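Given these sequences and hints, build the entire structure.
Protein chains in written order, with the working numbering: chain A, 11 to 195; chain B, 11 to 195.
Read the hints as simulated data drawn from the structure, not as lab findings. Note that the structure is a prediction, hence the values are computed from the model and not measured. Any given hint might turn out to be false.
[What the hints assert, rightly or not] Short, incomplete list of chain B residues facing chain A, as computed with Cβ under 7 Å:
#1 Tyr-76
#2 Ala-110
#3 Leu-114
#4 Asn-167
#5 Arg-185
Just so you know, even glycine gets a beta-carbon here, dropped at the ideal spot from N, CA and C.
2 protein chains.
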Amino acid sequence: MTTLTTALPAAAAPGTEQRLLHETVLERLRDLIVQGELAPDTKLNERVLAGQLGISRTPLREAIKYLASEGLVELLPNRGARVAALKRDKVKEIFAVMGALEALAGELACANASEADIVEIRALHYEMLAYHARGDLANYFRCNQAIHMKLLECTGNATLADVYRGLNAHARRARYIANLSRERW
Amino acid sequence: MTTLTTALPAAAAPGTEQRLLHETVLERLRDLIVQGELAPDTKLNERVLAGQLGISRTPLREAIKYLASEGLVELLPNRGARVAALKRDKVKEIFAVMGALEALAGELACANASEADIVEIRALHYEMLAYHARGDLANYFRCNQAIHMKLLECTGNATLADVYRGLNAHARRARYIANLSRERW
DNA sequence: CTAGCCCCGTTTGTATACAAAAACAAGATG
DNA sequence: CATCTTGTTTTTGTATACAAACGGGGCTAG
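Have a look at this one:
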């Protein structure tokens, strides 16, 4: 397990819009989980985590509750929280749902997109193909994500985008985890 | 606005599985919001709410964060939280997404459902039609929901069910609110 | 030697206390 | 008279303190 040396920035940079502590913590924790630095099934010890992040338990607990709602952590009664397991079946479920959402996004985007949007998407698409051809996986995925996000934006359906993003966090996590275990061997 | 007289039960009934306080609060708050007893745009004063529920602010805040993730409340930086507004467009968005999910659920259910499941669903369907014919809206909706839940169960896709339930809370809220404002006039 | 039980340390759950930020109001000043 | 300022009060955000529940280790009895 990684050591989590990075404490949160004590003071916000100038021009920073009022970021709440638990929200900063939230993003940080989410990244740690999605990128696999906090491995599945890891028990989240509140005292330790709070210490590592340089905050007290209260905002940490609030962030954990939020993550629990997103499904990235599981709450165990009287035993705190642990990073959600990532079973193969679960990932398949997630992709199935994302597929349905993408289908809807495609429909809506077709109906709503402006000419400029379409041009942009097409450009991204070719860019993606280029990365694919070169075997540049990282940029390929980045492009792919960009296309999906652009599409979601074109749908004009913020709810759809929100739900998709939530599931996408899990999907990204699955990819990270897969990469990690591949590199490890 | 209703007065929220009901405090939480002090002691759990026998046979109760270890319910955490913030979870009890969570369900209660969610119900209050969904059923319209906490109107849209209502500011959630933590001290007052905590007092009415007979708890301290800490578990209340945790519940609020969870609800924020579900989209039922909005967090205002340094200004607490308020019940999410329920704009017409938002409701349309939600129904669009639910539609897509139902389509997927239908497909999967067809593939996975046992004979018994199908019989059950058909029975529920006719029951629903009966209520519809009698104009018994309440039972009609109850039946309708039961069918959807049964379908989701048949899909064997727990993620799909979770996402659907989250959106369904919003949909139910929309119906409650609509009914409220109709009765009011 | 093993199984059961009790005590104690650790960890979570909840409450309270303290600090900072924002809303509000009154007063001075242009 | 309007407006800016400033002081006060309320409310949120964070930290700490206290209580209950879980887990483990050692002890005793069989």
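Next item on the list: Against the earlier hints, flag every one the structure doesn't satisfy and list their numbers going up.
Entry: 5
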